[in-house]
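Protein chains in written order, with numbering that gives the first Met the number 0: chain A, 0 to 381; chain B, 0 to 219.
Source of the hints: derived by calculation from the structure; they are not laboratory data.
Just so you know, not all the hints are guaranteed correct.
[What the hints assert, rightly or not] So the derived label-pair ranges between C-beta atoms look like this:
no., chain 1, residue 1, chain 2, residue 2, range
1, B, Ala-93, A, Gly-288, 38 to 48 Å
2, A, Arg-103, B, Gly-16, 43 to 53 Å
3, A, His-328, B, Leu-40, 20 to 30 Å
4, A, Glu-368, B, Gly-16, 49 to 59 Å
5, B, His-129, A, Glu-368, 32 to 42 Å
6, B, His-129, A, Gln-318, 50 to 60 Å
7, B, Arg-213, A, His-328, 43 to 53 Å
8, B, Arg-213, A, Glu-107, 39 to 49 Å
[Claimed, not checked] In silico EDC-like links for lysine to aspartate or glutamate, alpha-carbon gap of 20 Å or less:
no., chain 1, residue 1, chain 2, residue 2
9, B, Lys-52, A, Asp-177
10, B, Lys-52, B, Asp-18
11, A, Lys-156, A, Asp-177
12, B, Lys-52, A, Asp-375
13, B, Lys-52, B, Glu-94
14, B, Lys-172, B, Asp-156
All figures in this text were calculated on a predicted structure; none of them were measured in a lab.
Each residue gets a CB set at the ideal place from its N, CA and C atoms; glycine is no exception.
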Amino acid sequence: MLTSLQVEGYRGFAGRYTLRGFSQVNLLVGKNNCGKTSILEALHLLASGGDPKIVIETALRRGETVSVLEIPMSYSDYRTRSVTCPDATHFFHGHKLSSNSRFRLSAEGALGELVASVAAPSGRIAALPQVVDAQGSVHRRPDPALTLRIAGSLCPKGIEAPLLLLSAEGAVLGQLRDPQWEETVSDSQKRSPVRFLSPSASQSRLLRQTWDEVLRHGREREVIQAMQLLEPKLAGIFFLSEAGGDGNGSLAGILAALGDQGPRLPIGSLGEGVYRMLALSATLVQTAGGFLLVDEIDTGLHYSAMGEMWRLVVRTAKQSNVQVFATTHSLDCVRGLAWLCANYPDLGAEVSLQKIEPSIEQSVALDAEGIRITADQGIEVR
Amino acid sequence: MPLPRWNLQPNSLHVEGPDDLHAILRLLERHGVPYAKAPLLPSLPRIVDTGGKEPLLAGMPRAVQVSTGRPIGFVLDADSPLASTWNAVRNRLAEAGVPLPQAPDPTGFIGASPAYRATVGVWLMPDNEHDGTLETFLRSLIEERDRLIGHAGAATDRAKQLGAGFPEVRQSKAVMHAWLAWQEEPGLPYGAAVTARYFRHDSPAALAFVAWFRQLYGLA
């Protein structure tokens, strides 16, 4: 289990910033733009062993992109073409990138350390592959002006950490990956699983993918048991085969059985809260032994469901040995955690609340007692 | 009288109980602190009833730690006596990195937590110098020529002899409520009695308290 995290020169954190006192389930709070989501993303990158795919995924999710002109390769078509690439600039403090930019992420308890450093390309870098578009025109991306290497302490000696190839503006043009790194560090079978739930992700697609995994591992009983905290009559969840691939985020074809008899009900008819909770519990069960990162965990939940949501999350996290990091802006969500601490002390012992404030050097960590006292006295922790 | 709609105010002033909350709020209003005006000034603090001296002290370090970039104040009775209340406050605030002097300043304490970048204020009722409570503070707001307060004291003593059940330490509260029972509108609570002007607003302790409050929360 992670006990602390330190970030340096990373996104909104200029100097060293430390979070301590992690528990099984950790709620990150703080003002807008204080870096709550950045902390989740730092954990995501660390838990992936510094996989460049996570850098790209994160930038795209945030809409951090930049246009790059691709150069025509054929004489018949001499038009340059603009493509959108992920922008690596914003990972560095001050949204600036130069040939000596660097950030560092390090954790205690597990996951080790990552150092991301930018440099001018040294030696020969193989030309980036050419791109052929639908019209058959051939283009190539400009030569990289900078490289970004994310070296992790989990990477054995003698194996090259992957290299992101960047334009002078920070656009990610491509990446070079050592096959040996792929085998030793990136292989997800060997790493603790990590999942990032973002409020903007398609609930339906996420649910279908996760449910498939849950079925494959025979864990549906655990999910139903977790969900019964919310809906005691819930007997089963079913995904109809023909309703799967519409891709429009609809929940059509996901049915819930309440009791043993009678028609099964569309999950959407039970309220947004129920399928949010289904997504959470299925993901928790499927992340056993790993890390679940949830941005805005209260999304879609009525204030009165917050206490039970925490009960489900903390209990399932404990059972499945998942370390959870979640963010919220919602006072109701914080109060829900305080309710858990007051009513279920055994579960309360497994939580921490972390107030993120980049202008001081470390987060303020509250344990169950601190969460309860601040909530009782209406002390603003967010 | 309803409380202001102050749920969204980030700054806070923590007090022991509802009597303190209402008396302080209405006294501040009489001094022109615009709690009755909408929209509320963003710097005006919520006054938080913490449910007693022990919970107030228990919440103190965490309340300071989560108050980065904003002022936070605490008002406690100096009834245990003053030196030991001050000592308890010093110990609690040391946990949040706030250095406090050996003894309180008569003008009220205002300092900072460098570690958590919070501004912290402490006021001990009645005046940071004498043992006492909110009632001692309110007693200073009764006109000197008032003839009832002496009688309230004597009547309360007599009631005690006759077997009245209030404990010794609540004597001043019993006197104050006996006195309030004989006002034009009998039995108003402290806050309403401040608004009704049964109390003055300008004893030296009250003036010092309001000046401390204005300085702590940056009000002109």
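(request) Kindly indicate which numbered hints from before are broken by the structure, ordering the numbers from low to high. (result) Violated: hints 4, 7, 9.
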